[in-house]
Structures are given as structure tokens and as C-alpha cells.
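Number of protein chains: 2
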Amino acid sequence: MTAGTAATDTRSRLLDTALKLFSEHGVEGTSLQMIADELGVTKAAVYYHFKTKDEITEAVAAPGVQELDQIIEEARALRSRGAQIDHALSGFVELIVRQRSLLSLYNSDPGIQRVINRAFRTPRGEDVKTRMKAVLAGENPSLADAIAVHVVFTGLAMVGGAPEYAGIDDDTLREHLLEAGRRLLGRPRRKRPDNHLPGR
Amino acid sequence: MTAGTAATDTRSRLLDTALKLFSEHGVEGTSLQMIADELGVTKAAVYYHFKTKDEITEAVAAPGVQELDQIIEEARALRSRGAQIDHALSGFVELIVRQRSLLSLYNSDPGIQRVINRAFRTPRGEDVKTRMKAVLAGENPSLADAIAVHVVFTGLAMVGGAPEYAGIDDDTLREHLLEAGRRLLGRPRRKRPDNHLPGR
DNA sequence: GTCTATACCGCGATAGAC
DNA sequence: GTCTATCGCGGTATAGAC
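Which chain is which? The protein sequence lines are A and B, in order.
Residue numbers for the first sequence follow the UniProt record's numbering, so the first one is 1 and each next one is one higher.
Residue numbers for the second sequence follow the UniProt record's numbering, so the first one is 1 and each next one is one higher.
No wet-lab data here; the hints were simulated from the structure.
Owing to the predicted nature of the structure, the values given are computational and were not obtained by experimental measurement.
Among these hints, one or two may not hold up.
Restricting the straight-line Cα-Cα distance to at most 25 Å, the calculated cross-link-like pairs of lysine-lysine (DSS-like) are [said to hold, decoys possible]:
1. Lys43/A / Lys20/A
2. Lys51/B / Lys20/B
3. Lys53/B / Lys133/B
4. Lys129/B / Lys20/A
5. Lys20/B / Lys129/A
6. Lys20/A / Lys129/A
7. Lys53/A / Lys129/A
8. Lys51/B / Lys53/A
9. Lys51/A / Lys20/A
Could you put the whole structure together from the sequences, leaning on the hints where they help?
Spelled out as C-alpha cells, the structure:
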């Protein structure tokens, strides 16, 4: 169902290129000309696949937002508060490790934030960031807890995009991010991790 | 010595306006036209006070960078590692609370980061962010410590710019940021804070 | 010394030829 | 499905009014 016409191929190559350039120069610092040049086509050819630059930005952001949304729903279905936090945190960290630069873009680029807040208020009213923080902090959290969660949420995501850690392998990075997150959220050190990708 | 010609006044009003607009729309999302309109002058008038947009960005970023630099040097002059960390952390938090949006800009805007990395490699070789993280993490830190420091540094700064906490008073915010920072850095809870502005 | 008028070129975006 | 041509806005730049 996806072995791909030339168009689908160009489209996905375009999104890969866009994500790479967005991470290097920011969304607003990346021109359609740069994307077109990297792909070896003209600006207008890019416009065939996407009607606006915002649409490209949205398509780049979408997969991560969707995954976050799924993790949130899974976490909310769990019974104990501890299990909810554990699942949300480990899922979040897993996403950071797997996508690296994408999650940091969500917090470090005004251009992509504008698009996310406008395009993904769906499917459950509030935006993903708010909902994720709500799962981690619980209902009516104290100010201290709300702030700690905010620090964790933004801080962890930014590590994924930091060039200093680009060379660290996934398992090591995931372990350290989890440890930092648990410490700040006041969770006990865990023995057996809640593996997010069971058969890996 | 500074009661002010019209020019100095326009210049400082311009920087205030720029910071406000940068925080709302990002550096690259803010046009010289917006700044000019807000001041009631023309684009070319703005261009009289600053030769380029980068120069405006640099002037907006400068005070915070300078203060960070001073805090770092003060901390490095202390004898014990604990005192160094305490001073660097409390100075950093104090700056976040006092400037709110400015410090979050440093971490959340590709435009201002470009300018900071290019313009403020002075006065001591490495950039301020790297040097601050070095003070907090010590020499040859473990990967776990380096990552924890990275999370604290970016996470705390982002809270200052978060609209959710714009209404919180300075003392309360400072207290919670310090608490979160100390917990993540593994510092004991403190009794008497290292007051950064003694007579306040 | 402080500002306005005006023009230049690159960027996002649209229309239409091949 | 891709390209040329064109338009309005944004950063830059200069000439000149006061």
C-alpha cells in the first residue's frame, strides 16, 4: 500500500529534508529555496506538493504530535497515578530518543510552535503539551509540582536536539533521560523499566 | 549622565519593544516594520539606530549574557564545589526571575541563538551556556551529570518565559525554581538561601 | 544628529505554460 | 509534475529634509 509513486517518494524526501533544515536553521530561517535546492527542484515544484510553508511545517510536526497523543491516552487508561506517570515519562523519553531533533523543535522554535498550536488543538480540545503536563502533574497540582513538570518536559526534550549528545547511543541516552526525569518528578529509582518497545 | 537625548530614549524604547515582540513572535517572526509601527516611526528610522537586525538582536541579548558571565566568574572564585554550584544556580534563577522572557529566548529561538553564538564567544573563549554548564557539572562530569545539568539549564530558563507563570510573584517563582534545580542537581535542601540581592 | 522617502533584492505565494 | 513569470513583503541601503 505504500511502495510508492515518484510523487510519494518526492514528498517524503521533502519532509526529511525539511526536518533536517528546520533543525539547523529554524523554521523561519529555512527558505523554500533551500529545500528546493537540496532536492534539486525549483521552489514552484515544492509548492506542488504543499500549498503553503505552514503545511510543510505541519506535516513535519504531525508524527510526533500523534505519538505523544497516543502515549497520553494509554497513560490515562492506567489505574494508579504512579503507573500513569511511569508510562507517560517513559513514552515521552522513548519518543525523544527515537526522533532526537524533532521534539526539541517543538520547544525551541517559535515557527513550529505557532503551527502546532493552531493545527493540533485536535483531537481532544487542549494542545498536546498541556495534556502531557496534566498527566505528569495530576489534577490540581501544587505550583511546585507544575513547575517541576514544566522543567522536566522542556528540559528533556531539548537534550534530544543538543548536538553534544548526538553521538550517544539510544539505550544510554534513554536511561539517563529517564533517571533525570524520575529524580525531578520524585519517583523512586526503578528496577525493571516499563519497556515501551517490548520486542526490541 | 543619562537624562537622555531623544536618541538615547528612542534607542532604549526600541530595545524594550524589540524584546517584547521577539518574545511573542520570535526574532525571525518579528519584522523591522512591526518594531517601527509600535514606536510610531518608519523602518528607516530604526535603521538609523541599528545598522542591521542582527545588531538589534545582539543589543537585546547583551545584558543577560553579561550578567550570566559575571555570575560564572563569581562562582568559579569560590573554593568548594558545593558553594560554586549554589552560587551559579541561585544567580541563574535570580536572572530568570528578574528578566522572565529574556532567558527563555536564549533557549527557544534559533534567531537569537545564532547571534549569541557569533557575537559573545567573548570574553573567555567558550560561549556562556557551555561555561555555565561547566560550572554546574564540574570538570569531566559523568554523562548522567552532564545531562542532568543540561535539563536543569534549559528547563529552568524556559519556565521564565512560560505564560502560565507570568502572574506568579518573583519570590514564589524563585523559590520553586531553586527547589527544582537543587533536586535535579542532587543538592540537599537548603535552610538559608544564598541571597543574590542582599538588600532587597 | 534624527528622521523620511525611495529603491533593491530575496522570500513566500499564485497563475499559467509545457 | 515541474518550470517560468510575477506580485507583495521583509531586510538592507542611500539621499536628503529638518
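Taking the hints in turn, this is what the structure says about them:
Taken as a hint, the lysine 43/A and lysine 20/A pair is honoured in the structure, with Cα atoms around 18 Å apart against an allowance of 25 Å. A threshold of 25 Å between alpha carbons decides the hint, and for lysine 51/B with lysine 20/B the separation of about 20 Å falls inside it, so the pair holds. Restraint check for lysine 53/B and lysine 133/B: the C-alpha separation of about 29 Å exceeds 25 Å, so the hint is violated. Among the hinted pairs, lysine 129/B with lysine 20/A is consistent with the structure: their alpha-carbon atoms are about 24 Å apart, no more than 25 Å.
Distance hint between lysine 20/B and lysine 129/A is fulfilled; the C-alpha atoms sit about 23 Å from each other, no more than 25 Å. Taking the CA atoms of lysine 20/A and lysine 129/A, the gap is about 23 Å. The hint holds against a cut of 25 Å. Restraint check for lysine 53/A and lysine 129/A: satisfied, since their Cα atoms lie roughly 23 Å apart, inside the 25 Å limit. For the suggested pair lysine 51/B and lysine 53/A, the alpha carbons sit about 29 Å apart, so the restraint of at most 25 Å is broken.
Our distance criterion of 25 Å between C-alpha atoms is met by lysine 51/A and lysine 20/A, whose separation comes to about 20 Å.
Comparing the model with each earlier hint shows violations of hints 3 and 8; every other hint is respected.
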